[in-house]
Every structure is written in structure tokens, then in C-alpha cells.
Amino acid sequence: MYAVRCIDVRKIYKQGDEDVIGLNGVSIEVEEGGFVCLRSPSGGGKTTLLNVMGGLDRPDSGEIWIAGKRIDNLSKAPLARMRLHRIGFVFQAYNLIPVLTARENVEFVMQVQGVSVVDRKKRSLEILSEVGLEGLEDRRPAKMSGGQQQRVAVARAIASNPAIVLADEPTANLDSNTARHLMELFVELNQHRGTTFVIATHDQMVMSYARRLIRMLDGKLVEDIDQEAV
Amino acid sequence: MSITFRLAWRNIWRQPRRTWLTVGALVFSNILLIFLISVQLGTYLMMIDNTLAPLTGHLQVQYEGYKDDQRIHQAVPAVRGLAADIRERLSLETIAARGAAFALTSSEDRTYGVQIIGVEPEFEPRISTLPGLIKEGRFLDDINAPEIVIGAVLARNLRVQLGDELTILGSARDGSFAATVVRIVGIFESGMVELDRSFAEIPLGFFQDTFVMDGAGHTVVINAQNLFSVSTLQQQVQALLPDMEGLVVHDWDDLQPGLRQAIQADLLGAWFMYGVLVILVAFSVLNTQLMSVLERTREFGITMSLGLTSGRLGWLIMLETAMIGLLGLGLGVFLGGLVVYWFTVNGFTYPGLELAAQFNLPDRIYPNLNSISLLVGPCIVFLASLVAAVYPAARVHFLQPVQAMRAA
Amino acid sequence: MGTASIVLNLAWRNLWRNYRRTAIMLVAVVVGVWAMIFMSAMMRGMVDGMLVGSIRSLPGHVQIHNPNFRDDPTVNNLFPSPNENLIAVLEQEDVVAWSSRVRVPAVVMSERNFRGVTLIGIDPVAEVSVSFVADDMTEGRFLLGTEDTGLILGRRLAERLETEVGKRVVVLTQDPSNEIVDRGFRVIGVYEAQVASTEEIYAFVGRSTLQTLLGIGGQVSEIAVLGADYRDTEALYHRINAAVGNRLEVLPWYELNRYLSSMLGMMDGFVLIWIVVIFLALSFGLVNTLMMSVFERVREIGLMMALGMKPGVILGQIITESLMLLGMGLLIGDVFAWVTIQRLREGIDLSAVSEGLEMMGAGSVLTPSLQASDVVLATIVVLVLGFLASLFPAMRASRYHPVDAMTKV
Numbered sequence: 001m002y003a004v005r006c007i008d009v010r011k012i013y014k015q016g017d018e019d020v021i022g023l024n025g026v027s028i029e030v031e032e033g034g035f036v037c038l039r040s041p042s043g044g045g046k047t048t049l050l051n052v053m054g055g056l057d058r059p060d061s062g063e064i065w066i067a068g069k070r071i072d073n074l075s076k077a078p079l080a081r082m083r084l085h086r087i088g089f090v091f092q093a094y095n096l097i098p099v100l101t102a103r104e105n106v107e108f109v110m111q112v113q114g115v116s117v118v119d120r121k122k123r124s125l126e127i128l129s130e131v132g133l134e135g136l137e138d139r140r141p142a143k144m145s146g147g148q149q150q151r152v153a154v155a156r157a158i159a160s161n162p163a164i165v166l167a168d169e170p171t172a173n174l175d176s177n178t179a180r181h182l183m184e185l186f187v188e189l190n191q192h193r194g195t196t197f198v199i200a201t202h203d204q205m206v207m208s209y210a211r212r213l214i215r216m217l218d219g220k221l222v223e224d225i226d227q228e229a230v
Numbered sequence: 001m002s003i004t005f006r007l008a009w010r011n012i013w014r015q016p017r018r019t020w021l022t023v024g025a026l027v028f029s030n031i032l033l034i035f036l037i038s039v040q041l042g043t044y045l046m047m048i049d050n051t052l053a054p055l056t057g058h059l060q061v062q063y064e065g066y067k068d069d070q071r072i073h074q075a076v077p078a079v080r081g082l083a084a085d086i087r088e089r090l091s092l093e094t095i096a097a098r099g100a101a102f103a104l105t106s107s108e109d110r111t112y113g114v115q116i117i118g119v120e121p122e123f124e125p126r127i128s129t130l131p132g133l134i135k136e137g138r139f140l141d142d143i144n145a146p147e148i149v150i151g152a153v154l155a156r157n158l159r160v161q162l163g164d165e166l167t168i169l170g171s172a173r174d175g176s177f178a179a180t181v182v183r184i185v186g187i188f189e190s191g192m193v194e195l196d197r198s199f200a201e202i203p204l205g206f207f208q209d210t211f212v213m214d215g216a217g218h219t220v221v222i223n224a225q226n227l228f229s230v231s232t233l234q235q236q237v238q239a240l241l242p243d244m245e246g247l248v249v250h251d252w253d254d255l256q257p258g259l260r261q262a263i264q265a266d267l268l269g270a271w272f273m274y275g276v277l278v279i280l281v282a283f284s285v286l287n288t289q290l291m292s293v294l295e296r297t298r299e300f301g302i303t304m305s306l307g308l309t310s311g312r313l314g315w316l317i318m319l320e321t322a323m324i325g326l327l328g329l330g331l332g333v334f335l336g337g338l339v340v341y342w343f344t345v346n347g348f349t350y351p352g353l354e355l356a357a358q359f360n361l362p363d364r365i366y367p368n369l370n371s372i373s374l375l376v377g378p379c380i381v382f383l384a385s386l387v388a389a390v391y392p393a394a395r396v397h398f399l400q401p402v403q404a405m406r407a408a
Numbered sequence: 001m002g003t004a005s006i007v008l009n010l011a012w013r014n015l016w017r018n019y020r021r022t023a024i025m026l027v028a029v030v031v032g033v034w035a036m037i038f039m040s041a042m043m044r045g046m047v048d049g050m051l052v053g054s055i056r057s058l059p060g061h062v063q064i065h066n067p068n069f070r071d072d073p074t075v076n077n078l079f080p081s082p083n084e085n086l087i088a089v090l091e092q093e094d095v096v097a098w099s100s101r102v103r104v105p106a107v108v109m110s111e112r113n114f115r116g117v118t119l120i121g122i123d124p125v126a127e128v129s130v131s132f133v134a135d136d137m138t139e140g141r142f143l144l145g146t147e148d149t150g151l152i153l154g155r156r157l158a159e160r161l162e163t164e165v166g167k168r169v170v171v172l173t174q175d176p177s178n179e180i181v182d183r184g185f186r187v188i189g190v191y192e193a194q195v196a197s198t199e200e201i202y203a204f205v206g207r208s209t210l211q212t213l214l215g216i217g218g219q220v221s222e223i224a225v226l227g228a229d230y231r232d233t234e235a236l237y238h239r240i241n242a243a244v245g246n247r248l249e250v251l252p253w254y255e256l257n258r259y260l261s262s263m264l265g266m267m268d269g270f271v272l273i274w275i276v277v278i279f280l281a282l283s284f285g286l287v288n289t290l291m292m293s294v295f296e297r298v299r300e301i302g303l304m305m306a307l308g309m310k311p312g313v314i315l316g317q318i319i320t321e322s323l324m325l326l327g328m329g330l331l332i333g334d335v336f337a338w339v340t341i342q343r344l345r346e347g348i349d350l351s352a353v354s355e356g357l358e359m360m361g362a363g364s365v366l367t368p369s370l371q372a373s374d375v376v377l378a379t380i381v382v383l384v385l386g387f388l389a390s391l392f393p394a395m396r397a398s399r400y401h402p403v404d405a406m407t408k409v
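Protein chains in written order, with this note's numbering: chain W, 1 to 230; chain P, 1 to 408; chain A, 1 to 409.
Accuracy of the hints is not assured; some may be wrong.
Claimed, not checked - Short, incomplete list of chain P residues facing chain A, as computed with Cβ under 10 Å:
(1) Ala84
(2) Tyr112
(3) Ala265
To be verified - Heads up, simulated EDC-like pairs for lysine to aspartate or glutamate below, C-alpha to C-alpha not over 20 Å straight-line:
(4) Lys143/W x Glu299/P
(5) Lys67/P x Glu200/A
(6) Lys69/W x Asp119/W
(7) Lys67/P x Glu346/A
(8) Lys167/A x Glu200/A
(9) Lys67/P x Glu162/A
(10) Lys76/W x Glu299/P
(11) Lys67/P x Glu355/A
Stated by the list, open to error - Computed beta-carbon distance windows for the label pairs:
(12) Trp13/P x Ala4/A: 20 to 28 Å
(13) Met395/A x Trp342/P: 33 to 41 Å
(14) Ser373/A x Trp271/P: 57 to 65 Å
(15) Arg89/P x Gly215/A: 57 to 65 Å
(16) Arg17/A x Val118/W: 43 to 51 Å
(17) Ser91/P x Asn68/A: 49 to 57 Å
Just so you know, the hints here were simulated from the structure itself, not pulled from any lab data. Since this is a predicted model, take the numbers as computed values, not measurements. Cβ coordinates follow ideal geometry from the N, Cα and C atoms, glycine included.
Taking the hints into account, I'd like the entire structure generated from these sequences.
The following block contains the structure:
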């Protein structure tokens, strides 16, 4: 079973008057429990690929399957429901709701999912302690370091027990030490929970954690290395 | 409190100054609307009261067609008996019978045409303010006495004083000449020139003798407890009338059609002003909410990536607007209520108002504060704020996640 | 000079940076200014209607009476018909028309009914240009000369008397020795006044006919003088007053009808209050918009200061933006208001509430009347209060410390 599967996905953007190729026939499968890094220079297509995988953006052609379900032809509402239950996102920075505390940020997703108040509170505290934020539950994002904020974002992403977490340059705004800790958290969650991770990055350190490393250029896959085999 | 509520509440306080300015605009217009609507209501009620109180009353029983033609033979038979009957059956004291005729009224050296009204001295003071406006002498007290009370302007025009005699010359119901001499026992002054110049009252029994009315009169005037119970009373009176006599019950709107229309004409202008005020406040809300939405575009993108539909985010904007709106409503009603309450107790005036007697208005205005005048304006402002937020909310509704996250 | 053009240029471009916000605010200002001007014109139009109607329905702009006439408006207080001197005074250029009248209380009796009226003896030729009667005739003919023996009634009075054109009625009145005099008249015409209650009050006959009936020779009750504009009767009034001397009483319309003149005065107050209220309603949005635009540009303002721009220039910059926005709003709003008023030049038909308007003394057609002074007033109020309202956000902007401002996110 694949966590995510893309078949000949194409996507063209308009930038001003020019057409920019985002994805040019990408086919890729990520197995459940995988830990994959996507690397490419800026504009190589990794963010676009993450967005179409997560149902944030629709491909011009091709198919996207998440946990055995085709999603590229879904309409707005079912797509949102799919994101809510099956997919977690972590972005570069500033991706928390600034007026909510750490715990509320996590609970917010659960509330939308319809989790009861009691369960919500219990689980959000568990998850926050799992990502190492015990004692910081009631802080607002502005009062936390960049690393702590990213941990909240991770906690929020895994709160729904998603099949797959898509992370776009999660360490870009972190110093190398904090970044290393975040990656260790990812690995731990991958191993203990079996959550699938797809991480777009151009940080060598991040790539070193990946079991599978995929290189993209101009919207195409150019290299797919199984690092464990190596 | 659910997180959505908390989220909305905290969002509106991200820019406290902006929120307070918007709330300020709402409060400002709410206070203004409460004040204006209360003043209007107060003025209208006083205008109606002051117009109806001297003569018209709330309801009149008349012979069909009398209202328009006012011919002396369009009479109500046995008018005093009818009035007494209605009085008893409704156990209502504010009922009195009248007769009316036009006559030449002459003093020693002047003659004027005057409306002569025959009244029941016992009951007239209960339905009319004129007996209370006697400035000199007294009101009538004997239903058959050859006495008259006249207005101050008429007294001046006729060059007469209290105790002088007047000759009344008119045509009686049977077409013969009606002529009599009466003594002036009272002079009233209402401040309304038209009333003080062209009306005089004599006792109804004497009136019936003079104009050969044979026990008939022209109207039974009935006053309700207040304006709002008039229509119920009208139905009750209608049911009490003897059949087959061509009698009708007119309410004050029939009798003084100008009154309602004067109010409507004034309302026309007032609604225009209120409309403009509400629209301007709505623009203020629109601007604030649009700014707040544009600032948060990126954040909305992230929230959508978590699996929230843009529809829900649209509702979040409506919820935030409703909170700002309610804040403006609450504060506006509270402060507006306080301010206007002060005026309802103390009243106010403005230069030029002393001449408002021509509109049958007093020279001091007391706003009428009730649940309607207190809430109508603020509720409309609240609804207008929600309507104004539809555009910003719709913008969020049609937001695409990727596009939103690219926003700065 | 250089700074000024930079400031103007920057202000203009900054306004359109967030075009949505500026556009919304601009629309709000336009609506506000439109409402200010339009509503003022409507209020003025209402009072104008009342005044013109009231002046047409007899007083003229200036009236001459026997000093006792106003207290006791009867046949006992007359004055001799105008002599050469007075006529010379009245035949000047600032007098559009004048007419002398006899005015007495009377009773009109038909076969069926009778009513009290004010009977007015006129010179129909002179009266045509002074008052309404000739224009408002709906049936029959107007009087032909001072000797005409016909009678003109209002429509309502004719209905009350159950009479009509061609029928005879009897008019009763008193001569100077208080004797009742009467004479038969044929109803030759019926008029319909703008304010229907007028129709019950006034009846008209030829002046000489009435003078003969009363036996008063050439004496008259009043002379009504019409000038060019009711707003400007001061000079006319003073000239006539000086020429006539104190044997006769000369009064301008605003003394004759205190109610109307005080309405006119109150309207000035209402217009000002209305303009200020509208501006206050706008000001919250204005301050908000300026604050937002200052907050967004904190870093930029810091940079400008770091480059050596003085705080005063920053202050001027924000105020210039505000005044530019208000200026545009004023211009567009004025144009819209003008177009609206032009389209309504024929008047708005309010006959649905005509009896109510009549109670207020106005006719059923309301014509907005645009006064230049109201436009000027609105412009001054908007710009002056707009300047004051922008001071607060502008002062905040000018007080930033360059380094703090630039490091602010």
C-alpha cells in the first residue's frame, strides 16, 4: 500500500505573461511509513509537488492517490475533509494562528474534526508533550522561539493521525542545532507512529536523515536514491 | 466557549485601535439614531395629542357624510342619550355629545362668521382641553343657559369683554332663522390662532333649542385611554351603534387626514437621513473588515491547509463582524439610553421652537424612549454591519489555498 | 517647492497603493458629501416652497399698512390711496410689482350655506404679478378691472357653500360705521391654491366695487410690494420705509410672518448640524484608514526619516494624503449632488402626503434648491474637520524613531 502515489502529474503556472512549468510529468510512489526528502534548486518543483500531493493545488493532468483514494478530481469540500483527516502540513515559519496558544492551535484542528472537548484537551496535551513542549502549552506563538513554534506546527500536523505529513522547508528559519532537534523529532514520530514524511528541502543536514532522497529539476524527477540501500 | 469563538474574539483585538474606531462609529450612529428616533416619536405623539385634544378627540360618531359636507341636517338623533348609552355600556367616562353650526356672531360693532359648538358642560372637560384653557371667567356649567365661551383672538376682533352680550345669527335645521343672544362667561386661549379666532362653545341644550335640533346633535366624541387602543375601541363603539340610522365611527386619522400625512412627510426625510448615516457606518465596517481579511490572507492559507474549508473561514469573518457589531449595539444602546433618558426627563429646546405652536407643538421637546425607539436604530445598524461584511467574507470564501499562502 | 511636489507625488501614489481601501473610503466620502449637499438642497427647497407659496399667497416682500391695521384688520384702519409721491417711490427699478388692496372680514352666503372669509378688493391688472390668484384659476374667468362686479372663490369654499361659477351669492360685511352692508355677487371664477386651506380663507372682488360697497372712497388697507428676491428685501424695505415716513407702517415679509422667517433661520442651523453629523460619521472611517496606512508603512517612514526627511514633512505627508482623499470625495460628491438636483429640477411629487405637507405650510411638489453657500459650508467643514481628524494618525507617524521604525516587522 502506498501512502501517496502520483501518476504523470503536470502543472503549469502563469507568472506575468510567461508560462512556468511547475511539474512536467512527475510519477512517484511513497510507501506507507516512508521518510522521503525532495531536493531541488529554487523553482525546481518541490513545493508545487507537495501542494498537489496535499490537495492544496490541483494538477493540470495526471492522478494523485492518497492512501488508496484518488484526490485530484475531488471538489473543494471533500478535499478539505481529506486534508483535515489524512494529511498534515508543516511550513517554513509563521504557520501558527498568532492569536491562539500552542494548545489551542492543536485543539483547533481537532475541534474542526469534531473531537469532544475532553478528548481534545487530553490529546493535545499528550501530543504537545510528545513533541517536547511540556509547560509551554498556554503560550502564544509570539512568545516562543522559532524551534518551539515549529514543534507546535508538527504537533498540530500529527494531531489528526494523518497518513502523511508534508513539510516544506521546515528548518529554513532555524539554526542548525534546533533544526537537528526538529529532524530527530520527525524520525522519532516516523518510527513510533509509522507516520509517512515527505520533506522538501535544500538543507544537506535534513537530507542526511532521509531514507529515500529524490532530486527534482525543472519539474521532473531526475534522481531517486534509496539511502538505506546505500 | 468554543475555540472558534475565542479565535474570533482574539482576532478582533489584534488591532485594538482599529476595532475601537469601528465600534466608535457604530456607537456614535447608534446614539444619534436612538436620540433622533425618540425625539421623532415624542414629537409625533405630542403633535397628535395637541392636535386632537382641543376638539377632535380620538373617535367621533357622526351621521354618514357629515365629515365632508358638514350640513346641519346630517345629524345624530337623540345625541345625549346615545352618548350616555355608550358611556354606560363601555363604562368609559371620556365621552361627550356635541352639536355644531356656522353662525354670524355680532358684538355691538363687529360681526364675524364663527363655528358654534354645543357641548355638554358636564362631560366636555373630560374629552377636550379647551375648558382647561379658559384664561378669563369660567367654563359653561348649565346645559340650557344662554352662555358662551369664545377664543381670545375672536374676543379681540369682536372688541368684547367678559360679561358682554353677543348676537348669534344662523340658519336652523328646519331652514328657519336661528337667532339668539348669549352672554360671554369665559374666554379661552389655546395659542393656536385658528382655534382662538373661529370657534365658540355654548351649552348643548341651548344649542339644540336655538338651532331647532329636536334633541339631535352632530357628533359623539370618544377618547380612548391612549392612541394605541383607539382601533379596538372603534370596533367596540361600532358594535354598539343602533342599526339603520346611518351612523358611522370615524377615527382621528379620518377626521384629521393631514396629521398622519404630516408625520409621513416628516418620516420620508428622516428615513433618508437615517439611511445615509447607516450606509456611512456600513462603509466603515466594510473597510475595517476588508483590511483585516487582506492582512490575514497568508494565515487563511495555512488554516485551509489544515483542512478548514474557506466557507468556514468566511463564517469566521461574519462572526468577528457580529462581535464588533454587538459591541457597538450594546455600548450604543447603553450610552444612547442614558443620554436620551436624561432628555426625556429634562426635555430640550432650540431657538425658533417657540414658533412651533403653528404645528401644534409645545416649545419644549421630550423624547419618547421605549423599546422601539431604543432598539430599532441600533438593530438596523447591526444588520447593516453584517451586510457590509459580506464582501470581505466572500473574498475569503473564494480564496485558493496556494494563492493565499503566496500572499505577503 | 521641491519638497512640496515630492510630498504631493508621494501622497498621490500612497493613496493608490491599497486601492481597495482608498476606493471604499472615497466612496464613503462621496456618499457623505452627496448626502450633505442633496439633503441641504431638499431642506432649502422645502423652506423655499413654503416661502414662495406664502409670499405668493399675498404678503409680497414688503407691505404698507395703517399702523393699527395689523392689530385690528378691519375697515376702520385704512389709509388713503397712494399719492404721487408714494407712487414715485413704488415705481423704482427694485420694485418688480406692487398692488394696493382693500381687505375686510366678510361673510359669504349661498342659498344653502354661509361661511366667514377674508374679502379682498384688488386691481386685477396689478395683482397678476404680485399674487397667485390669476395663475391658479381653474374655472371661469379672472376679474377684468377694479370695477368688475364678479366674485372669485376658492374651490373648497365653493364646495362648502354648494355653489359654482355662474351662481349668485350674497356678501355681508361692515362699513366704517359698523353698519352691516350687503350686496349680491355672481361667482365668476374658482381658484385652487397650492395650500388648500387658503381656498377657504380668501375671496376676491374688484377693488372699486368693494370701496363703493363700503363707502370708503379711494382708501385702501394695504399695499403689497414685490422685489426681485425674497432673500434680499433689506434694501427695498429700508428705502420704502424711509420714503413713507411714520404715518404708515412698512414691514418686510419676515416681520409679517415670524414663523417662516424663523424657519429660514433654523434651516441654517439644521444644514450645519447635518453636515457636521455626516462628517463625524465619516471621520471614524477616515482616521481608521489613515492609521492603517501609517502602520503598514512604519518601516518605510523610518527609512524616509533615516534619509533625512524631517518629522514635519512626514506629518504633512499624511495630512496631504487625507486632504487629497477628501478633496476628491468633495469634488465627485458635489458633481453627483448637482446631477441629482438637476434631474429633480421639475420637483418631486409628494401629493401622497399633500395634506400633511399642507399642515406644515408647504405645497405638494418639492423642488430641491441648491445654494452655493451650502456647498462652500460643506467644503469648509469637510476640509477643516478632516484636517483635525488626520492630525492624530499623522502625529503618530511623525513621532517614530527612525531605527525603531525600520526594525519593526
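Query raised in the report: What hints, given by number in increasing order, does this structure fail?
Result: 1, 6, 7, 12, 14
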